[in-house]
Structure formats: C-alpha cells, structure tokens
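So the protein sequences, as listed, match chains H and F.
316 is the number of the first residue of the first sequence in this note's numbering; add one for each residue after it.
18 is the number of the first residue of the second sequence in this note's numbering; add one for each residue after it.
Hint data in this document are derived by calculation from the structure and do not stem from the laboratory.
Partial pick of chain H residues on the chain F-facing surface, computed with a CB cut under 7 Å:
1) C332
2) E338
3) A340
4) Y434
Calculated Cβ distances over 10 Å to all of chain F for the following chain H residues:
5) C352
6) V380
7) R384
8) W389
9) L392
10) G442
11) L448
12) P453
13) A459
14) A463
15) T466
16) D470
This structure is a prediction, so every number in the text was calculated from the model and none was measured.
Ideal Cβ placement from N, Cα and C applies to all residues, glycine included.
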Amino acid sequence: MELVIRTLVAATLLGSCTAGLQETAPAPELDRDCFRCNVQPVLAARCAFGECHASAQRPLRLYAVGRMRLDVGWDRLGAPLSQAELDANYEVSRGFVADVQTDSMLLTKPLDTRAGGLYHRAQDLFGDDDVFLSTADPGYARIAEWIAGATAPADCTPTEEVGP
Amino acid sequence: MRLQLIVVLGALAALGVAPAWAQEIEERETGDGAVDASLGIYADDDETTVITSLVDGELKLPVPAVMDAHVLVDAVSSASVDVVSAATPVWTENRIELGANIAARVADMDVSAGYLTSGENDWRSHTVLVGLRREMFQKNTTLSLGYAFTDNQIGRAYDPNFQRELVVHGAELGLSQLLDKKTLVSATYTLQRSDGYHASPYRFVTTATGLASPELHPDDRTRHGVTLRMLRAIGDAASIDVQYRLYADGWGILSHTGTVAWTRELGESVDVRLRARGYYQGAADFYRETYEMPMRFMSADRELGTFWDAGGGAKLSWTGERLALDLKLDGIYYRFLDFARLEGRVALVTSGGIRWSW
Numbered sequence: 316m317e318l319v320i321r322t323l324v325a326a327t328l329l330g331s332c333t334a335g336l337q338e339t340a341p342a343p344e345l346d347r348d349c350f351r352c353n354v355q356p357v358l359a360a361r362c363a364f365g366e367c368h369a370s371a372q373r374p375l376r377l378y379a380v381g382r383m384r385l386d387v388g389w390d391r392l393g394a395p396l397s398q399a400e401l402d403a404n405y406e407v408s409r410g411f412v413a414d415v416q417t418d419s420m421l422l423t424k425p426l427d428t429r430a431g432g433l434y435h436r437a438q439d440l441f442g443d444d445d446v447f448l449s450t451a452d453p454g455y456a457r458i459a460e461w462i463a464g465a466t467a468p469a470d471c472t473p474t475e476e477v478g479p
Numbered sequence: 018m019r020l021q022l023i024v025v026l027g028a029l030a031a032l033g034v035a036p037a038w039a040q041e042i043e044e045r046e047t048g049d050g051a052v053d054a055s056l057g058i059y060a061d062d063d064e065t066t067v068i069t070s071l072v073d074g075e076l077k078l079p080v081p082a083v084m085d086a087h088v089l090v091d092a093v094s095s096a097s098v099d100v101v102s103a104a105t106p107v108w109t110e111n112r113i114e115l116g117a118n119i120a121a122r123v124a125d126m127d128v129s130a131g132y133l134t135s136g137e138n139d140w141r142s143h144t145v146l147v148g149l150r151r152e153m154f155q156k157n158t159t160l161s162l163g164y165a166f167t168d169n170q171i172g173r174a175y176d177p178n179f180q181r182e183l184v185v186h187g188a189e190l191g192l193s194q195l196l197d198k199k200t201l202v203s204a205t206y207t208l209q210r211s212d213g214y215h216a217s218p219y220r221f222v223t224t225a226t227g228l229a230s231p232e233l234h235p236d237d238r239t240r241h242g243v244t245l246r247m248l249r250a251i252g253d254a255a256s257i258d259v260q261y262r263l264y265a266d267g268w269g270i271l272s273h274t275g276t277v278a279w280t281r282e283l284g285e286s287v288d289v290r291l292r293a294r295g296y297y298q299g300a301a302d303f304y305r306e307t308y309e310m311p312m313r314f315m316s317a318d319r320e321l322g323t324f325w326d327a328g329g330g331a332k333l334s335w336t337g338e339r340l341a342l343d344l345k346l347d348g349i350y351y352r353f354l355d356f357a358r359l360e361g362r363v364a365l366v367t368s369g370g371i372r373w374s375w
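One chain only, chain H, in its complex shape (with noise of 0.2 Å):
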C-alpha cells in the first residue's frame, strides 16, 4: 500500500519537485592566516563579550583570550588562544560568509541599520549604536577584505587595528 502512494505521490510529483535538495554546498574557503591575524582580533575586540558572542547560546559563538575558551580551564582565561579554539572561530564565521559579500551576514549584522546593516541586538546593547557605524570603520573593512579573498603570510602578526 505504502509503494502504491509513494507511485501515485511521485508520478503527481514530477515536475514540481526542487533540485538540489541534498546536496552539499561545502562553506568558502577563505584564508586561515588573514583570519587569524586580520579578522580575530577585531572579533575578538568588539564582538566576543560574555553578554554576546562569547556564549554557546549564540549561533556565532566566539572564543577569545579572557572570554569563553574551548580547551583552556578556567584559571588559565588569559592563555593564547588554541589552534582548535582559533579553527572553530574561523569555522563558525565563514558560515555567515555568502556569495556576495553584501549580503554576509558576518558584515551586514554588526553595522548600524543607518548604514545599511541588519537590526542587530548590540545596537540596543551599545545605546543605539551598533559595532560598526559605517563601512569606513578600520574593523568592518578587515572582516571585509578577508570575505572578498585577502590572504596574510603565515608569519603574520595579529593587528591591533581593530576600531575604536
């Protein structure tokens, strides 16, 4: 009986089912070295405080030195971050990377709604302002050249440029 509907389902189905449904869309790969050196430090300045990123909660969760940590107990907050804590911040940022960089979330959430970004909870968190209150700001432009393909040497030193 089950095989006569699933049939009947099929046949009335074709033609009207969406492609693609399962495949795999694996998240773009984009350089680890700018990440740590260009884009960490900025996420880590402005973005994982207890009260936002640097919780489980979130579905952009960060680990940051002093903040919520991976591997690192608790009396050793002040630790350099791991590798596994670094390669889970890249993990979960990339996922809010999309096709055009306009439309990455990882850009559009934190800057202010009066420069064309997304509502964000920090605006009411910062007192209306949100974490980049325009594209000029040193931190957005970072996190935006390494969405659009910037790389960094392995060597790099981590920027301390990371906006007010």
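Use these hints to put chain F onto chain H, whose structure you have.
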C-alpha cells in the same frame, strides 16, 4: 514572528471563517444577517500561548448575494525553544487580520470573491480569493473550483533593512456526491505554488563541524493535497464524518491526516460533537537533525522534520431561534522524532462562540 501555521489555520477553522455560498443565501430575505463573536485560546507546554478573538458579520443584500466581513486578532506570547535558542528570552505580538467576502448566484452558478489582509510586526500579507460552485444532476453532485493569490512581505523585528517576499498561488478543485439520503462523499484536490523567502530570519543551523549559518530554504515549493471525506447520518439524531488527507510537496514531505467526528443531537437545540484526529509526516529531503556537513539547504524548523500528532476533543452547541452558542475543548500531543531540542509538546485549544442572527 509568523505563528506556526497549524495554530492559525486551526484557529480559523475552529472559529468558522469560511465563505458563505450563494445557494444557501438565496433562501434568505434581504436584510437577513448574523454577527458572530468568538474567543479561542491555544496554550502549550513549550511556553506558547495564542489568544484569538474574532468578530464576523454577514448581511443578505437586495440582490442574490451575501456580504461577509471579519476582524481577527491573534495575541501571541512565546518562549518556545525556537526563540530561546536564538537568544531571545520571550516575545509577544499581535496579528490583525481583516477580511471581506461576497458570494452571489450568477447564471445558475455560485460565485464568491474575497480579500484578506493580515499584519504583524514582521509580516504583512494580502490575499485575493475567488471561487465557483455548480450543482448538477438534481443537486446530487457539486463541483467547486477556487483560486487564491497571496503576497507576503516578510520583515525582521526592529530591522528596517530586512525585506523579503513570498508569493503564493493556490487552487482547489472539489467534487461532492450524494450517494443516498444519508451519505455524502467528497474529494478535494489542492495545489499550491510558492516562490520567494521560505525560511525564518530568526533561525540558525549549526553543523557538526561547528559551522553556523542562517537557515537556508529553497526559493520554491509546490504542494499537493487530496482530501477524501464521507459524511453519513446515523439514525435520526446522529452523524459521522470521516476524512483522510494525503499531502506531498516538492521538498519531499509526505503526510497523512485522518479525522473522525461523531455528532449527536441532544434534544431539539443542543448538539454534541466528539472528534479525534491523527497526523503523521515524513521529513523534508534536506532536513537533518544534525548536519554532518554544510548543505545547500539547511533548516532548523522542526515542522520540516518527522513528526506526528494526535488529539481529540468535544464541542457543545446550543442553537436557539436567533441566538447560538458553542464551546469547544481539544487536546493535542505532538511528537517530534528528529528534533533534539524538543521531543514533544502538549497543547490545549479551547474556544467559545456566540452568534446572533436576524
């Protein structure tokens, strides 16, 4: 945030918002009319409450036509696992729906046309509906055809820069046949095509590799549904209503719904109805409880997963010369088979209505 569709549709059905057909209307005098008011409450143990208020009025016009209009307000409060996991503690909002419908007899055919608009803080929709119905073979057979077009504008709470659209076309073809004096059977086929934004801007998916992403749903969806129904009188004072619905869509969901209702008159003006309903659905092809790797389409919507629900309840109606009252109580248990954050939920739906006709 858009309500679970089942809640809305359930409330609409329970509260009796349905176009009146002209064939019934021809028997009325000009100026005849009625006003309905009802209050429905949905509450579940996933911290969601919906209070639905409805006022509906209808009036027979000087021509063979009836005009109907309604206002419906849903007041929603939720702290469901969906919103808690999105780091929003609780939300409350109102949805307001306004609708009008006219049904008339034109050239031996019943014709209806209607308009609905619905708005909430992050969703606005406009719907146009038209319908035709014709009785044949000494009124033993009825053929009906309907079409609806809905334009949905989808936003995101507090977000002036998030704007998406979902356009829906729906058609329905129905055939009912009186088999004998006591038995009516019907079959209805519905087809719906939607294009646009189907995901929720509030839901995110995290893969086993740690990659997180906004929910990604296909831009198109085609749905098919076939409903078979038999209504049979039992003796002089009772009837039984049996329905089965088969549903399938282009996302790979296949579902079965069975409903049995038994209604009995208790004296001249009191009816009692007992009803049981069961539903089973298989998951959409792209739905996973856990995504091992990123996919083109990913969802955190448990209602695209495998689930079943079962429920039942009673309705008591009293009908006087001009006044009618009804009271209804249903209980529903939902079981989600591949959604780790919520195994199931129990819901109670109750409503009370009053109708004054003249």
